[in-house]
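Protein chains in written order, with the working numbering: chain V, 1 to 227; chain C, 1 to 838.
If you're looking for bench data, these hints aren't it; they were derived computationally from the structure. Among the clues, some could well be false.
[Said to hold, decoys possible] Simulated crosslink set (DSS-like; lysine-lysine; CA at most 25 Å straight-line):
1) K57(V) - K70(V)
2) K57(V) - K606(C)
3) K70(V) - K575(C)
4) K114(V) - K136(V)
5) K70(V) - K114(V)
[Claimed, not checked] If you only want the chain V side, here are some residues facing chain C, beta carbon under 10 Å, derived:
6) S30
7) L45
8) A66
9) I88
10) L135
11) G198
12) R199
Note that the Cβ used here is the ideal one computed from N, Cα and C, for glycine as well.
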Amino acid sequence: MAGLGIPVLLSGCGGELSVLAPAGPNAQASAWLWWGMFGWFTAVLVVVVALWLFALKRTPGNAPDAHIRKGQSRWIIWGGLVLPVSTIAVVLAFGLPAGQGMLPQEAADAKVLKIEVTAHQWWWEVNYPDSDISLKNEVHIPAGKPVDLHLTSADVIHSFWVPRLGGKLDAIPGHTNILRLHADEAGTYRGQCAEFCGREHAHMAFTVTAHDASGYQQWTEQEGRDE
Amino acid sequence: MSERIQQRNHEREQRLAHVWGNLPGWGALAAVNHTTVGLRFIATGLVFFLVGGLLAMLIRTQLALPEQDIIESALYNQLFTMHGTVMMFLFAIPVLEGLAMYLIPKMIGTRDLVFPRLSALGYFCYLFGGLIVLSSLVLEVAPDAGWFMYTPLSSATYSPGPGSDFWLLGITFVEISAISAGVELVVSILRTRANGMSLNRMPIFCWYILAMALMIVFGFPPLILGSVLLELERAAGFVFFATAGGGDPLLWQHLFWLFGHPEVYIIFLPAAGIVSTLIPVFARHPLVGYRWIVLSIITMGFISFGLWVHHMFTVGIPHLAQAFFSVASMLVAIPTGIQIFAWLATLWYGKVVFRLPMLWILGFLVVFVCGGLTGVMLALAPFNWQVHDTHFVVAHMHYVLVGGMLFPLVAGLYYWLPHVSGRMPSDSLGRWGFWLFFGGFNLTFLLMHLTGLLGMPRRIYTYEAGLGWEWLNLVSSIGGFIMAIGVAVVIVDIVLHFRFGQRAEQNPWGADTLEWAIPMPVNTYNFSSLPEISTRHPMWNAPELVESIAAGEHGLADVQALRRDIYGSDATTGKVREVVHLPTNSWLPLMTALALAVLCISLLVKAYLLAVVFTVMALVLSLRWSWENGAHPRAAPTDDNEPGAPPLHSRTCNGPGLWGMVVSLMADGTFFVSLLFGWFYLWTAAPEWTLPDHSPIQLVPMIFSGLLLTAAVGVFWVLVRGLRRRRATHLGPGMWLVAALGAGHWALLAGQLMSAPLAPTERAHDAVLTVILFYLLLHSGLAVIFTLLQAVRVRLGYTAARLPYEPIVIQPFWFYTLGVYWLSLLAFLLLPNAWSVG
């Protein structure tokens, strides 16, 4: 992992599907989790490997047995118990609240825009139940506020993923999963089916277009007329 | 004088070699010896590894550049499905089982595993199953739904070809071998250790293998159940995973990962066992924290069954459950950390001799720790939602599996090579192989983490340019080919060493464990006499064992009545309890495996009549196999010059057979519990689950049938209680009575199944009921057949007051049958009835 840092810096984290170029609060939180864990875990890896290499080279002295025994349990207790337990505690302390924040909060969400997405082999059917708009492979959302996608599938399992806006969620036949999307700014974001779904899985892409408030209004009226 | 002693010793060893040897020529196919079978497992596994590697090379070729069309998507999907399947099921597990089968008896100071014919059966099932799975690739109908076969993609609707059937049937066939190896290793480790080898004197490797074997016993049944159900859905239209009718595709994912996650540890534990064995040897220092490590192994085994859901963080599991499984998954870091630091401390306080195997151990450390750390990242649900199903996961699992399994395995192969060949591997070629492999591996997979973070999903056969993935994929492909060259160098090194390697001296690495007390290259009976052990490091603390064992100064030095004898010992103290006489070379394992292979093929081509014929044939063959056991004249004739103390195992009440039965029933019980889980899961979670208004099964005949079963088990229990007190009054008639009662029960139950208006193709409820009825019929049917055979054996004198062994082995099977019957009645009939009424 140590070598991973350099190419990341060289290439930048950009890219239309990059988790490391977040464009919304959920994706941003995931990216922060990544950078935090990446930094700390790289340090752990480097230190552990360095200790091993040193242990291979080191000539043991003639310490008394009691001393050695104490040293041995110290390695296990500090390295095997304290290190992982504290790491896990810190990771969870940051990670669990971050995860909670990404999920739809039922009570306060009455007004959140609802969009129904049904996955097919190999395309996405998008419906706006409030305004009778139907789309294929494109989702339009207002920027700056959360939107809930109600995901299901008409055939096999697919997974709806817009990396720059947040994590993925599976579209499963017979089930409806709710994914919260939140784009900070207007723009077009690429998405891709993430669960292997058969022959054309690689080509099951879509776009999410976020509009500013007036742009979204305009788009809804435009689409409503076309229907 | 000493020459005469030498002469006599030589003749004694020749007698041992004669009794323990394989048959010449084609007769080698009848071999049951653990050394032979273990090496066959390893060699076959390595061939499958090369096949899997070749598939990976094709994948990397296709992905090297964007928008290539060297391989089109239909073929690509077969390639990655088969790559995963071959590497996991046909390489990783069998190779490690083979290594364990080869090493365990030698490490615990005995001559063979405790059920030798089962070893051979396991090997042939693995070989034939593997060939059946591979043949699909040749026939261009390979499975293409990914190695975890998610429904509904793998269902008859969306995978109409035979690909998924090849996977489900072939892999289930291979799993027979895993379970039989699991049962055999557990019983061997617990019941046939050298005299005095108490649990805390057991080499650490045996602890790892014991845990692995138990995990196989509990881990594989859910997948076998899942495969059976999915095949029933595909072939007969039963409803289990289809939403319409009350199934749920997520049930498959639960069953698969209930197996799939423990499987990762089933692969990791033996490899970690190799690390724990080699490090003390090369550090010239006993393993630091033996007790800590044993505790970590046990903890790992338990925790690994509680984290399967972390493979399913994106399916919409309730949030609290996700948090729970996040925490549970991370907890694995603790036992892993303990082992890493115990190894570090061993090196720290030892004086390290750096030889070739240590290079691979070092590679293991770097790669595995990296994979473990990305594992902790993936366990965190909010991060997992981003990188799940991307190349980040591909990179992670290769770090864990190649780091956690392949690096230690190669270290182990180099380390134990002299044991097999009597020659040392070359240092220089070996180093080239390592650095090519290590460099190529990291080039391929280190950058792949970034590819995933930049958004490349897994399992896509091509990608467009301009997403920042081009150079990453090109480097990964180049790295992949460098890694392949590394593999080639290692193979060349190993092949050449058989001819050009320097002759190895006794115990060439200065090891502490007992397998190095055997003369090299290895013979068929391992130990010329069976030593008593009083230390955890026999070769360090009692090196004179090499001479005294060879001189025949310890137990069972000479062959008696042409029997293959080993000691059976107490599970905790290791004190000798009995002489276990093992079966000799036999064609029955091969024939049984062939019958099962034809059964498997006839199911594939949907020739069901043929399938029934060969099911019966396999059953007859295995009963024939069980016939020559115990006191049968060809197993151990009852004559007057039997050893009094310790007695022959077939004259005792608590022999390895009973242990084997109980461990097998643990696997069977896990199968049943998984079915119960499936039932309650569908009931509570399937979107369209319905209970019928009236149960299709009538309760009164079921209860009556259950009472007959209870009576049968009761009589059997009384008979066995008598036998334990060495009384056999009315034993023969008693057996007939039990069989008759059992047959009555069976007939009533079968009548219910025939007459009930079950609609398994329309309702998941009925489909599960049908399966459970067949399951119960199978069990009571087998129990009746076993009992009938006992009745005949009583008449022939193979079962008698002083020969109580076999009914005692069968008794737990009857108890189990009784238990699952009433439990099933409760869970599958009474509970739904109560529900409908309520």
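Evaluation of the provided hints:
1. The hinted pair formed by K57(V) and K70(V) meets the criterion: a straight-line CA distance of about 22 Å does not exceed 25 Å.
2. A hinted pair counts as satisfied when its Cα atoms are at most 25 Å apart, and K57(V) with K606(C) does not qualify at roughly 63 Å.
3. For the hint pairing K70(V) with K575(C), the CA-to-CA distance comes to about 33 Å; that exceeds 25 Å, so the pair is violated.
4. Of the supplied pair hints, the one linking K114(V) and K136(V) holds, its CA atoms being roughly 16 Å apart against a limit of 25 Å.
5. Among the hinted pairs, K70(V) with K114(V) is inconsistent with the structure: their alpha-carbon atoms are about 62 Å apart, more than 25 Å.
6. Among the interface hints, the one on S30(V) holds; its C-beta lies about 5 Å from the nearest C-beta in chain C, closer than the 10 Å criterion.
7. Here the hint on L45(V) is kept, as its CB sits about 6 Å from the closest CB of chain C, short of 10 Å.
8. For the restraint placing A66(V) at the interface with chain C, the shortest Cβ-Cβ distance is roughly 13 Å, beyond the 10 Å limit, so the hint is violated.
9. Interface hint at I88(V): satisfied, since its Cβ lies 4 Å from the closest Cβ of chain C, which is below the 10 Å cut-off.
10. For L135(V), the interface hint is violated, the least distance from its beta-carbon to any beta-carbon of chain C being 22 Å, above 10 Å.
11. Among the interface hints, the one on G198(V) holds; its C-beta lies about 6 Å from the nearest C-beta in chain C, closer than the 10 Å criterion.
12. Hint on R199(V) holds. Least Cβ distance to chain C is approximately 5 Å, under the 10 Å limit.
Hint compliance for this structure: hints 2, 3, 5, 8 and 10 are not met, and every other hint is.
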